[in-house]
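Listed here are the chains, written in short residue letters.
There are 4 protein chains.
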Amino acid sequence: MSETAPFAFHRRVQFYETDLMRIVHHSNYLRFYEEARVAWAAERGVIDWKDPQSAAAFAVLGTQVRHLAPCRFGDQLKIEVQVRLNGVRVVFEYKMWNDGVLASEARTEHVNLGPDLRPQRPLPELKACMEKETWKETWLSSL
Amino acid sequence: MSETAPFAFHRRVQFYETDLMRIVHHSNYLRFYEEARVAWAAERGVIDWKDPQSAAAFAVLGTQVRHLAPCRFGDQLKIEVQVRLNGVRVVFEYKMWNDGVLASEARTEHVNLGPDLRPQRPLPELKACMEKETWKETWLSSL
Amino acid sequence: MSETAPFAFHRRVQFYETDLMRIVHHSNYLRFYEEARVAWAAERGVIDWKDPQSAAAFAVLGTQVRHLAPCRFGDQLKIEVQVRLNGVRVVFEYKMWNDGVLASEARTEHVNLGPDLRPQRPLPELKACMEKETWKETWLSSL
Amino acid sequence: MSETAPFAFHRRVQFYETDLMRIVHHSNYLRFYEEARVAWAAERGVIDWKDPQSAAAFAVLGTQVRHLAPCRFGDQLKIEVQVRLNGVRVVFEYKMWNDGVLASEARTEHVNLGPDLRPQRPLPELKACMEKETWKETWLSSL
Numbered sequence: 001m002s003e004t005a006p007f008a009f010h011r012r013v014q015f016y017e018t019d020l021m022r023i024v025h026h027s028n029y030l031r032f033y034e035e036a037r038v039a040w041a042a043e044r045g046v047i048d049w050k051d052p053q054s055a056a057a058f059a060v061l062g063t064q065v066r067h068l069a070p071c072r073f074g075d076q077l078k079i080e081v082q083v084r085l086n087g088v089r090v091v092f093e094y095k096m097w098n099d100g101v102l103a104s105e106a107r108t109e110h111v112n113l114g115p116d117l118r119p120q121r122p123l124p125e126l127k128a129c130m131e132k133e134t135w136k137e138t139w140l141s142s143l
Numbered sequence: 001m002s003e004t005a006p007f008a009f010h011r012r013v014q015f016y017e018t019d020l021m022r023i024v025h026h027s028n029y030l031r032f033y034e035e036a037r038v039a040w041a042a043e044r045g046v047i048d049w050k051d052p053q054s055a056a057a058f059a060v061l062g063t064q065v066r067h068l069a070p071c072r073f074g075d076q077l078k079i080e081v082q083v084r085l086n087g088v089r090v091v092f093e094y095k096m097w098n099d100g101v102l103a104s105e106a107r108t109e110h111v112n113l114g115p116d117l118r119p120q121r122p123l124p125e126l127k128a129c130m131e132k133e134t135w136k137e138t139w140l141s142s143l
Numbered sequence: 001m002s003e004t005a006p007f008a009f010h011r012r013v014q015f016y017e018t019d020l021m022r023i024v025h026h027s028n029y030l031r032f033y034e035e036a037r038v039a040w041a042a043e044r045g046v047i048d049w050k051d052p053q054s055a056a057a058f059a060v061l062g063t064q065v066r067h068l069a070p071c072r073f074g075d076q077l078k079i080e081v082q083v084r085l086n087g088v089r090v091v092f093e094y095k096m097w098n099d100g101v102l103a104s105e106a107r108t109e110h111v112n113l114g115p116d117l118r119p120q121r122p123l124p125e126l127k128a129c130m131e132k133e134t135w136k137e138t139w140l141s142s143l
Numbered sequence: 001m002s003e004t005a006p007f008a009f010h011r012r013v014q015f016y017e018t019d020l021m022r023i024v025h026h027s028n029y030l031r032f033y034e035e036a037r038v039a040w041a042a043e044r045g046v047i048d049w050k051d052p053q054s055a056a057a058f059a060v061l062g063t064q065v066r067h068l069a070p071c072r073f074g075d076q077l078k079i080e081v082q083v084r085l086n087g088v089r090v091v092f093e094y095k096m097w098n099d100g101v102l103a104s105e106a107r108t109e110h111v112n113l114g115p116d117l118r119p120q121r122p123l124p125e126l127k128a129c130m131e132k133e134t135w136k137e138t139w140l141s142s143l
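Protein chains in written order, with my numbering: chain A, 1 to 143; chain B, 1 to 143; chain C, 1 to 143; chain D, 1 to 143.
Everything labelled a hint here was simulated from the structure, so no lab data went into it.
Even for Gly, the Cβ is constructed at its ideal location relative to N, Cα and C.
Any given hint might turn out to be false.
Computed Cβ-Cβ distance ranges for the label pairs, DEER-style [said to hold, decoys possible]:
#1 B:Glu43 - A:Glu137: 49 to 57 Å
#2 D:Ala5 - B:Glu43: 26 to 34 Å
#3 C:Arg89 - B:Gly87: 56 to 64 Å
#4 A:Lys78 - D:Lys78: 40 to 48 Å
Covered stretches of chain A (chain D as the covering partner; in silico rule of three or more C-beta atoms under 8 Å from a C-beta of chain D) [unchecked claim]:
#5 27-37
#6 70-79
#7 98-105
#8 113-122
Which chain B residues face chain A? A few, computed with CB under 8 Å, are given here [unchecked claim]:
#9 Leu20
#10 Arg22
#11 His25
#12 Phe73
#13 Trp97
Can you make the complete structure from the sequences, with help from the hints?
Rendered as structure tokens:
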């Protein structure tokens with residue numbers, strides 16, 4: 001992957017993710033964004049599928065989601081991701097594309113939590129990986 | 001509560017529990033039945049809200065659900081429960097009523113799992129509580 | 001209810017809402033806030049439990065959630081709500097209390113969507129109801 | 001695909017699908033089985049991703065799930081499917097494999113519902129497709 005193309009994750013909308021308005025329920029966007037975040041972390045080697053505790057490196061401090069166009073059962077979504085460190089916090093930004101249409105944008109903030117649920121420094125491998133990540137300050141248009 | 005009236009749990013259908021057919025998604029029935037099971041266990045004193053591990057006494061071995069009539073956003077559901085021991089297994093049966101209509105019936109089987117996820121004997125307090133429970137063998141009409 | 005005390009909604013954390021960190025998964029906060037929003041709307045008479053379409057008056061444009069303290073299985077949550085109109089948008093703010101501790105704050109924005117999923121003016125009954133709502137500009141401390 | 005090898009669907013366990021026992025919550029199995037069922041139907045051309053109503057051909061009458069081994073965050077699941085008609089009912093059976101271990105078996109029953117939620121005959125294309133499906137009567141070992 002080129003260093004300038006954002007990481008991309010693909011995912012189809014399932015039947016059980018819709019609601020009575022026949023579109024994806026808004027709470028499920030946070031699940032889609034989590035899937036994209038975990039896929040990024042696995043691809044970069046900063047999460048270990050076989051060690052559930054490794055997910056604690058990305059405990060959620062806050063989320064913001066903007067809904068720009070609806071998603072429906074069977075839609076094939078593409079989620080682009082960019083990441084940076086901000087002190088002990090890890091900041092992710094996301095763009096969700098649905099058949100070429102920008103359906104949603106989001107930002108989530110995370111911190112590495114110890115077993116006692118107290119914030120810790122980011123993992124060293126995360127810091128190392130960050131030096132190669134590209135971040136565009138005004139990448140999101142709606143947040 | 002009379003010993004012959006089954007334990008009853010009440011619960012309203014939420015918006016996020018519906019799907020694009022404008023009815024409750026079938027997977028959510030298992031969540032409603034879990035709520036009823038936990039409410040029963042809390043009322044009988046065999047689960048401790050402050051000790052999450054206590055829920056391991058009801059690890060799920062199997063489930064059966066029958067759908068007889070749809071449930072919709074805002075419907076006020078009543079779930080009746082009966083329970084018995086079958087060896088090391090705990091068997092729950094459920095009737096879900098929606099405004100006087102039998103909407104669903106279910107049976108779930110459980111076992112007490114230790115921290116190593118291996119089956120153990122039921123908790124003594126569960127065995128004691130069982131002596132006072134009423135069980136009707138042919139209570140369910142569709143399972 | 002006094003006009004100055006915010007609307008409050010009470011809700012216990014269910015087993016199925018936890019994740020492997022043994023706390024409530026962050027996506028479920030949007031479901032809890034939806035429950036509180038719908039309870040407010042039902043109490044004020046601006047949503048009709050028997051008319052699912054009436055929920056379209058609160059289609060979600062955007063969400064922001066801040067996580068301040070974890071919530072666990074069995075915790076009894078209290079969610080306070082304030083609401084105002086901002087043009088065609090309806091803005092909700094929420095505080096989630098867990099045993100006296102401020103666990104989360106959130107803001108959500110909504111618009112009345114027609115059957116074609118296009119924005120419409122707020123319902124007249126919503127506008128009327130708003131004249132009696134109290135709004136404090138700096139009510140949230142973390143958003 | 002050979003006519004004798006069952007249809008297979010692959011799917012990784014997500015973080016948000018686990019519960020505080022650090023395993024997949026039992027209600028999510030019905031969602032995984034739905035994903036496999038829909039993937040089968042799409043592959044056979046009896047469901048249309050662009051027509052949500054087409055999913056009504058598989059409205060759920062009943063479900064049975066057996067849990068044989070736990071599934072955890074990051075596990076890569078393989079779900080095998082077999083299907084047959086039984087009068088107006090469509091019967092699916094499933095085996096879920098987790099790294100070579102049989103983790104779960106299930107059976108679900110479906111019927112084609114009209115817009116009025118009343119049962120109808122199966123779609124002609126479903127009947128045609130069924131003539132090529134292989135069914136083994138004793139395929140499941142635990143149900």
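Results for each hint:
Between Glu43 of chain B and Glu137 of chain A the Cβ separation comes to about 55 Å, which falls inside the hinted range of 49 to 57 Å. The hint said 26 to 34 Å for the Cβ distance between Ala5 of chain D and Glu43 of chain B, and at roughly 50 Å that hint is violated. Taking the beta carbon of each, Arg89 of chain C and Gly87 of chain B are about 59 Å apart, inside 56 to 64 Å as hinted. As the Cβ distance of Lys78 of chain A to Lys78 of chain D is approximately 25 Å, the hint placing it in 40 to 48 Å is violated.
Note: the stretch 27-37 of chain A has 3 residues with beta-carbon separation from chain D under 8 Å; the three-residue rule is met and the coverage holds. Coverage of the stretch 70-79 of chain A by chain D holds [criterion: at least 3 residues with CB-CB distance below 8 Å; count 4]. Requiring three or more residues with a Cβ within less than 8 Å of a Cβ of chain D, the coverage given for the stretch 98-105 of chain A is violated, as only 0 such residues are present. By the rule of at least three residues with a Cβ nearer than 8 Å to a Cβ of chain D, the coverage given for the stretch 113-122 of chain A is violated, with 0 such residues.
Contact between Leu20 of chain B and chain A, as hinted, is supported at the beta carbon level, the nearest pair being about 4 Å apart and thus within 8 Å. A least Cβ separation of about 4 Å between Arg22 of chain B and chain A falls short of the 8 Å threshold, and the interface hint therefore holds. Interface hint at His25 of chain B: satisfied, since its Cβ lies 5 Å from the closest Cβ of chain A, which is below the 8 Å cut-off. With a cut of 8 Å, the hint placing Phe73 of chain B at the interface with chain A holds, because the nearest CB-to-CB distance is about 6 Å.
Using the Cβ-Cβ criterion of 8 Å, the hint placing Trp97 of chain B at the interface with chain A is not satisfied: the shortest such distance is roughly 21 Å.
Checked against the numbered hints above, the structure breaks hints 2, 4, 7, 8, 13 and satisfies the rest.
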